[in-house]
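**Q** Residues per chain are reported as follows:
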Amino acid sequence: DAKTTQPPSMDCAEGRAANLPCNHSTISGNEYVYWYRQIHSQGPQYIIHGLKNNETNEMASLIITEDRKSSTLILPHATLRDTAVYYCIVRVAIYTGANSKLTFGKGITLSVRP
Amino acid sequence: EAQVTQNPRYLITVTGKKLTVTCSQNMNHEYMSWYRQDPGLGLRQIYYSMNVEVTDKGDVPEGYKVSRKEKRNFPLILESPSPNQTSLYFCASSFGGADQPQHFGDGTRLSIL
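If you read the protein sequences in the order shown, they are chains A and B. If you're matching positions, the first sequence starts at 607 in our numbering and goes up one per residue. If you're matching positions, the second sequence starts at 52 in our numbering and goes up one per residue.
Please note that a few of the clues may not be correct.
[What the hints assert, rightly or not] Keeping only pairs whose Cα atoms sit at most 30 Å apart, straight-line, the calculated BS3-like set for lysine-lysine is:
#1 A:Lys-712 x B:Lys-108
#2 A:Lys-712 x A:Lys-675
#3 A:Lys-712 x B:Lys-68
#4 A:Lys-609 x B:Lys-68
#5 B:Lys-122 x A:Lys-707
#6 B:Lys-116 x A:Lys-707
#7 A:Lys-609 x B:Lys-120
[Stated by the list, open to error] Footprint (simulated), chain B over chain A, 3 or more residues, beta carbon under 8 Å:
#8 611-621
#9 684-691
In short, the hints are calculated from the structure, not lab data. C-beta: ideal position from N, C-alpha, C; glycine also.
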């Protein structure tokens with residue numbers, strides 16, 4: 607799987623949009639971009655994923671650049687409960703046992719301040 | 052409510068005493084997996100199962116066993132636990148396919164003394 611690079615931390619004010627960047631410059635055409643988050647020591651929570659197009663769901667939006675070498679996760683109105691470690695993961699779009707695991711890097715710690 | 056349920060949530064036990072951590076999902080997922088999370092090492096896959104009666108090793112399988120006799124259950128067995136298995140464990144499940152997100156349980160914190 608392609609490696610991802612995320613800044614170690616960022617913060618934003620409650621109620622404002624949080625834009626979390628991820629660099630995946632070696633991504634190939636058959637790799638998805640997934641975002642998960644982990645609040646304290648709870649189980650990782652799935653947020654969103656995409657292949658080429660931008661995606662939006664009830665939690666967030668995912669913006670993937672045209673060359674697919676980077677992406678941004680947008681939390682439109684951050685709350686204190688969004689404080690967590692956010693992981694950007696690249697995953698091969700070929701479903702085999704060996705490809706089934708998710709490789710979590712260090713992630714980015716988002717701190718939402720009141 | 053769709054969920055992955057792990058039990059127990061916390062356990063303190065002693066070296067050599069066999070234990071089982073249960074994982075159950077109610078989403079009819081084919082795929083299930085176990086991860087462990089340790090400080091500085093991130094999440095590492097222990098075992099996974101593509102479907103009933105189909106299991107395989109992940110990256111750190113030593114000292115663990117699994118079984119998948121039913122679709123909904125995927126227990127993790129530590130036959131002879133050792134202190135280096137002290138960790139936070141997560142079970143995950145999904146439908147088959149790389150475009151299918153994995154859903155994680157709340158975790159089991161094991162302390163082996």
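**Q** Any of the earlier hints contradicted here, and which numbers?
**A** Result: hints 3, 4, 7, 8, 9 break, sorted rising.
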